[in-house]
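Respectively, the protein sequence lines represent chains A and B. According to the working numbering, the first sequence is numbered sequentially starting from 1. According to the working numbering, the second sequence is numbered sequentially starting from 1.
For the record, the hints were derived by calculation from the structure and aren't laboratory data. Warning: the hint list may mix true and false statements.
One copy or two, it doesn't matter: identical chains are merged, so the pair holds either way.
[To be verified] Computed cross-link-like contacts, BS3-like style, restricted to lysine-lysine with a CA-CA straight-line distance of at most 30 Å:
(1) 80 to 19
(2) 73 to 19
(3) 39 to 22
(4) 73 to 22
(5) 39 to 12
(6) 16 to 73
(7) 39 to 20
(8) 73 to 39
(9) 20 to 73
(10) 39 to 19
(11) 16 to 39
(12) 80 to 20
2 protein chains.
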Amino acid sequence: MYVIITYDVGVKRVGKVCKKLKEYLTWSQNSVFEGEITKTLLLQCMDEIESIINPEVDSIYLYEVRNPNHIQKTSYGVEKSFDDMFL
Amino acid sequence: MYVIITYDVGVKRVGKVCKKLKEYLTWSQNSVFEGEITKTLLLQCMDEIESIINPEVDSIYLYEVRNPNHIQKTSYGVEKSFDDMFL
Numbered sequence: 001m002y003v004i005i006t007y008d009v010g011v012k013r014v015g016k017v018c019k020k021l022k023e024y025l026t027w028s029q030n031s032v033f034e035g036e037i038t039k040t041l042l043l044q045c046m047d048e049i050e051s052i053i054n055p056e057v058d059s060i061y062l063y064e065v066r067n068p069n070h071i072q073k074t075s076y077g078v079e080k081s082f083d084d085m086f087l
Numbered sequence: 001m002y003v004i005i006t007y008d009v010g011v012k013r014v015g016k017v018c019k020k021l022k023e024y025l026t027w028s029q030n031s032v033f034e035g036e037i038t039k040t041l042l043l044q045c046m047d048e049i050e051s052i053i054n055p056e057v058d059s060i061y062l063y064e065v066r067n068p069n070h071i072q073k074t075s076y077g078v079e080k081s082f083d084d085m086f087l
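Chain A with its partners taken away, still in its complex shape:
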């Protein structure tokens, strides 16, 4: 399946959430990761994310599209690179 995950978490947890998502998905932009992933790995990823976040203040949205052909992505402007942002 294809997933998009967006996060809005406290400053102290941004690095941990970002690092964890990067183990499973591709960084897309700002606080957005995306990519193809199996249901099993997705459950594992979200379990790990849930153990990092503070559910009273942090927010994670997971969008799942079972068939990647059902979603189309278009970019406007520049394509952001993870390395530009974080290295």
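Given chain A's structure and the hints, the job is docking chain B onto it.
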């Protein structure tokens, strides 16, 4: 169709992009908007967004899902509210 739009734009243009997207879609989180929209309105929205952004430094990603039933959204933690963030 159902769309998700994420943006990563220069500070000077964040307010304009956010305001424009709010005319067409629902604010979701951080720099993410989403919602159902017709193809005609989406083209109009993206035309207007393109006239605001600086394509050399800004980045907009548009994810389109033709059938809203093909996408499933799950929230973890709190649901963010536009009013909490901006009002």
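The hints, checked one at a time:
1. 80 to 19: Both. Shortest intra-copy (17 Å) and inter-copy (22 Å) distances satisfy the 30 Å Cα cut-off.
2. 73 to 19: So residue 73 and residue 19 pass the 30 Å test inside a copy (24 Å) and across (22 Å) alike.
3. 39 to 22: within (17 Å within a copy, 33 Å between copies)
4. 73 to 22: Answer is both: 20 Å inside a copy and 20 Å across each meet the 30 Å cutoff.
5. 39 to 12: Intra 28 Å, inter 40 Å, cutoff 30 Å: intra-copy only.
6. 16 to 73: Intra 27 Å, inter 23 Å, cutoff 30 Å: intra and inter.
7. 39 to 20: So residue 39 and residue 20 pass the 30 Å test inside one copy only (17 Å; across, 36 Å).
8. 73 to 39: both (21 Å within a copy, 14 Å between copies)
9. 20 to 73: both (24 Å within a copy, 20 Å between copies)
10. 39 to 19: This pair counts as within: shortest intra-copy Cα distance 20 Å, inter-copy 36 Å.
11. 16 to 39: within (22 Å within a copy, 38 Å between copies)
12. 80 to 20: Close inside one copy (19 Å) and across copies (22 Å); limit 30 Å.
This entry satisfies every hint, going by the numbered hints stated previously.
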